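Taken in sequence, the protein lines are chains A and B.
Just so you know, we're using my numbering here: the first sequence kicks off at 1 and counts up by one.
Just so you know, we're using my numbering here: the second sequence kicks off at 347 and counts up by one.
These are calculated hints, taken from the structure and not from any lab test.
The structure displayed is predicted, hence computed values, not measured ones.
We put the CB at the ideal spot given by N, CA and C, even for glycine.
One or more of the hints may lead you astray.
Derived list of chain A stretches under chain B, where covered just means 3 residues or more per stretch with a C-beta under 8 angstroms from a C-beta of chain B [as the list claims (entries may be wrong)]:
1. 42-53
2. 71-78
3. 92-105
4. 131-144
5. 236-247
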Amino acid sequence: MKKPLLALLLGATLLASCDPSTEITPVPTTSSVYILSEGQFQAGDGAVSAFDKTTKALSVDAFAAANGGTMLGDVVQDMGVVGTRGYICVNASNKVEVVSLPDFKRVKTIANIRQPRYFAATSATRGYVTSWRGPYTNYAAGKVMVLDLTTNTVIDSITVGRCPEQLTVLNNLLYVPNSYDNTVSVIDASTNKVTATVTVTTGPRTVVADQANSLWVLCSQPYGATSTPPAALVRFAPGSTTAQLTLPFASSGAAQLRISPSKTLLYYSYNGAEYQLSTTATALPTTPFIRRSFSGFGIDPRDNTIYAAVSTGYTTNGRFIRYPAAGGAAIDSFTVKVGPNGFAFY
Amino acid sequence: MASCALVAGLCVPLGARGQARPDTLTGRRHRLPEARVRAVRPERFAVGSQRLEIDSAALAQYRSGTAADVLGARLGLYIKNYGPGQLATLSLRGTSAQHTAVLWNGLNIALPTLGQNDLALLPISGNTQLSVQLGPAAALYGSGAVGGALVLRTEPDWRPGLRGSVQGDLGSFGLRGGSLEARTATAAVAVRIAASYRQAQNNYPYFVREPTGLVRYTMQNAALRHQWSISPDIAWRVGTAGELTASVWLTDADREIQQGVSVAGSNAREIDQSRRLVLGYRQATQHGGQWQVRGAWFEDIINYSDQGAVSNSRVRTTQSQAEYTAPLGQHASLRLGLEGQHFAAVVDGYGAGPITENRAAAFGLLRYDPRPTLRLSANVRQAALPAGLAPLTPTLGVEWDIFQPFSPDSAVLADRPGLTLKASAARTYRAPTLNERYWRPGGNPDLLAESGHGYEAGLRHRVAPGAHVVLETELTAFYQLVDNWVQWLPLGAGGSYSPRNLRQVRSQGLEASTTLRGHLGRYRAAARLAYSYTQTQKTQGVAVDADPVGLQLAYVPLHRANFTTDHNWRGWLGSATYTFTSYVYTNASASSFLPAVGLLTATLGRTVPLPGRTSLTLLLQSTNLLNRIYDSYPARPAPPQAYSVSLRFAYH
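So here's chain B without its partners, still in its complex pose (with noise of 0.2 angstroms):
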């Protein structure tokens, strides 16, 4: 036990000041009753990057919602989206959507054949944490961290007694959904269950440009035909000094494929069906130690049809995880781990039959810090893949605060200012995707990991100019390269498109931040005003890669600026989210454009207190409240203001 309690006592505190604050305050976050085998998380050894996290409550108000909802209104990342609960990816710090690696439960979750996640087949239910690393991060995140990494988790709830809740949603165009939650612990189990569930019509109205002026018609073959999301998890205490968990992500989903509106005579569809286990078990050593080890089987399958034309894949993976955290004396620490991957894919693009692949990793990650208000880390990973070693990302992390540290206890409003410098210096990878090894025609197993390197730095101030006021202040300048980007050109044989290590991409920008938070009594409030500019160019290519150095690159916005504000008072909540992307040029040539657009988004909500520990909570949320008429994507025409309503009945 004295053992845990040093663990407990190495990491927390260190943990909780190297870690961005969240970024709002509707809602604290749960305390754990006692110092248990916590584990140590990955972002412990993320000093000096800049790491967004959207809290419980904000969470909540988007419970039926997926990943693709969220991430662009709460945190302003810009997300390539063709369409409500239509393919919706990351773009962090302008990389591409095989640019940002997502993990679940520490493990890498993109699909092997696109190296990449569809966040509108993410939903929100499954987990219970969801926050966003930036820049480049393969050390901590592996494969695909190059602008950034999602993290998605769900973290047991040892709080004693059950509590649940059930949700249903109605809305606009045909949406209707709803959710489940239940949780209970005992001193030696923790169980969650969630799940969700949502359909859409999406016959939403549109217009188009005709010589005789706009024409209104009524979306087609759009429909989210069904979306289910079931994650049950338990964790188990072994013992004082071990703890064992099983998570499972179950998701389906059944969409028609929306076209570009000029485009006749499709009925495409695509079912989307993913599962996934992970066992874990974590183990305290008596010097203060602790190791953890993890297997994972995830089965993707993704079946689209359009008019009789087939396309069927389904990807087995399976994954495990070494890893021990060592005390290195009072003030630092050290992780050594060791990760394997196994995929096997029968993907009608690759020919008859399965095909296998191996990879496997090995890092370290030392987080030091020398004086409580100075943090080093130093991390490090190699990676193996069949066509030879990855580049080795190693990383480098400072936090020094200048002057008046933060309080440790990130949960209390101090009221004493501080600022804090920041840096990192980090190499990242991109190990190439079965698609890009194996696709007939065009697939080129000799392709090598794309690779990376970029620097950040900037500063955090934090002041509390009232006695229940905290104003919060990030400033981040970042500059990162990614060389050897992979290009399908009409390179292969007969002239077939094959990718090629051909190209070099730089990304350079500054992120700003300021969030106000405070209470007065019973009110409390929140507002976060976040701005990027990103530029991101094509630096170097070769002739017969066409597309210009120099431009920037298409679907970046140069400019992105958002706003949030959640007020909270005796029950009632109100929310409201604006966001402005600056136009987005959709072609390489820099020719054809989708214009600035700004959103807004707002929600209200009202919880009743009911007898037996229950309660009820009515939300009202719009969507382009402003109703704008936009394209998310070229010829892809945003729905117009909608609405829908949510009503939670919760026992706790």
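Okay, chain A solo, but in the shape it has when bound (with noise of 0.2 angstroms):
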């Protein structure tokens, strides 16, 4: 009896101590599509996919495909693109990864910027960061942290409102909402200085300019808020401290501003759908540009061709879902990490 079982657990271990393959695609090199996944929180696994749209290659971690397995990091919020130069922002790491593109290996990390948020650059040489200070719910005012692109080092920081998100640039001003607040801070990029406050409405998470440089700003729930008061599209004039144009929604929820490459079209999510709206617009519209929920939203500005995520969940892997520039019908879907939720491009 007890050798054949004694074999039997010994073979049993044997054999299961092979754990799964695990295939690394390497990094493409042309007609790069980033696909950010923000990974499970406190995992570490935080990943950007690089996709070739020519050849419909996949590397799901193009970090750690590019860099001998390095983890990229906790909560992967945004990656901006200047030159041959990637910005991605680490939210629970705490730091800014450089990358050289298109083969994604590390060039430098920025590391100590609290709660990262969104990366713009007015310059091949000046790039800005949004950062959140204080606790969930407590916050502070937030910062904007001013970065060197040739030293990739922080040289200077300016205090906002709370929890500044996606912000904008425009003739050489940064726009930031402050989406614990209900104001857009107007940043004066030559001193470094805020210049101006805009008030909006509560929540404003995302800033873009359209063709006639107009400003455009989505208002929505703060985050960890227990108020949900409506969501509100906003449009302001340079300059202006005040809105020209409020279009309020019936509920809150509203998220993910997007223009297209030519500034003339608005898209944002609503209430489990994908709304188009033309800048010119003066009243929200009520048909879905796609019946369905996106946590991720990028235009391609080399084609137009829509990039859109969906994340099913804090442990499943998301996908991504492209579509022709006039929507309609899907085009194909690949499997990205945990949590995709934004798009670059290079």
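Since each chain sits alone in its own frame, please combine them into the complex, following the hints.
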């Protein structure tokens, strides 16, 4: 009785010692699209997937593939592209990873940027990163960190409102939405000083600039807030500190404001669908552009192809889906890591 | 007195036959000096199901440790562990942390908020017995006994005289600890007090893969600042037929909360305090029956903070139980009982006001042995929860000695072989936790209890190949389903995560173990090899629940093997455990995993008798002796090879 059982147990143990195989797809070097996945919080498995839209090759974790298995970090939030450099805001790791493009090799880690959120550049040598301060729901005034993109160091910081989010640049001015307040801070990039504060609706998250040089802000529920005020899409003119047009939603939950490469069409997600409206519109659309809820949305400036991210919770891999510029039926879709939330194009 | 003897006569031999033997034989159980009003344990009604026990000699090696240290190493159970001294939860038969009921002196001590226990907060010193019942067992142990139950007990020691020990521990990475135990008994009163203390810096090195290669770091913010446990117990014999018991267990831990290694800037810290008090009275009746009442008061505090973000919770629980156990003729006994629980919770996540909740249950347990070689049990429990009745949970069990039954006295090494067939079927449930019902946002007061059912069948074989050698082998196959499995999904108001009864999960597998014990002169040895195969998958869900169906669940290793061996000779002790865990997935897509790992721990000890009934014991222990580099949880590197030295002075 004993010997066969022992043999069985030992055999099972040997068999069991094989781990699943892990194939690594090399990082594509041409016509790349980058898909950002937050990863599982605390697991450090946030990733940027690199997609070659010509060959449809997908390197699911480009940073690990290019850097000998190095993990990118915890909660990948945003990626900006300046020349041949990518700037990746890794939120819970309090760092910005600088990678060379298209090979995705690490150039430098800019550490000690607290809760980095979004990146924007005003020139080839100057970058800005929004940074939250204070603990969850007890936030303090945030910062915009000023980066020298030649040395990849922090050279200055500018105090703005609470929880500064997705900023934009227009005519050497930075527009920074303070998502835990109801304001947009305007920073002069030549002096790195706040020159004006625009009052909008509660919870401004994203600012974009349109073809007519108007600024659009999507305001929604502040992160972690228990109240759920209705969202609003707000337009204001440069130089003004008040709204020019406020388009209220029926409820909270609008997110992911994007603008087309031509800067004439706005996109946002709301109520389980994606909507599109013209920058000349004076009312919100009632018919969805795509009847699907996306956790990230991007438009390839090279061919206007739409890239939409689908996140299916915090424990399962997400996907991205490609759509033609005019919307309609999906072109194809690919599996990426947990929590895809955005795109960058190179 | 005659009735007491009858109760003892009815219960003790049957109970001894019904339960699995301890897993090692480095120590023999203490015998009662005389037949008294001995408690009839619920295990007596757990016929046909697997039970694992850690004997007192093995427990003694972990005296200033916690249940997390001992359960994985000695019993081969899978523990999800966030780091040394950090959150550690048990996964029995592929189920989750909330699917193990934890009982202390017969009362459920799961945190009512979370519906689970952190094993790292259960110091070994607080208990004298520790066993694990595998499989669904709500009829016996109530809510949460889905994958099984962890049963902790403080047993009065009626041996007369004073005994005691004091121990100091010193170990790697700032480990300092100590423990104290004293017990004494007269004919009427038995008293025990045990206390332990532990602290650890946990500033161990770990490696992170960087583009330039592996880079060494030192673990930050992972210290166990202190951990206390104090547990006085008293048992008082009232007349010849009654026994009054009072047990207190106070625990207090102050921990830094280790973050994933790529998370920066956290200085999270958590204070966990539990105060537990139980009073019990047991009385034998004229007719050979026995009734028992218990009342308990618990207070559980968890205060968490990180960089100014604070989350505090305090729950007070009162519990009461009453049960009557009666003999039914010569071959059966029946227990009928009632219990009630009241929770009062002040939790930051529930809003300003306190939340209260009541639960009640009634149960009936029957044990019937038509022949000494055939043992049967039939149990049932019905619980009433605020959102309605829980599923009725019956259990049926059978054990049949196919040939040559075991010796009735399990402490004697019988030289007769035996083969026992065992089987059980059970329904079970888990009541929704307070967090699931009241958390804001998302708490769902209409949540139903999870329900489950399971079957197991197996063989137990015992053979004595030599005069002083016994080989015992057990093989069990199990199958179980959990229905209405609670999952938090973004279905609440404003897309908030809210728990829903949406999932069905199936777990099935095999458990095999073989134990060899023997002695030759003054040399005693034991070895146990255990293997388990556990396949656990989601089998049904809804569209909004994106976790795929048909894949092995995260944090359930398919294979697990465990080898323990203990050797004693003339005051020397040598002990080793090797645990192999196959890879575990870390997400529901089965795409990320922690690799397979085999870990070795070892203990070397020497006891020197000293004059005046005293002795001195030196223990040298090593964990991760093979110095494996592995993560115990994603981005949570485990400590490398570590050592500790303990010195114990005992009076007996």
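Here's how the hints hold up against the structure:
1. 42-53: holds (count 4)
2. 71-78: holds (count 3)
3. 92-105: holds (count 5)
4. 131-144: holds (count 5)
5. 236-247: Our answer is that it is violated, as 0 residues pass the Cβ test (under 8 angstroms) against chain B, missing three.
Hint 5 from the list above is the single one not met by this structure.
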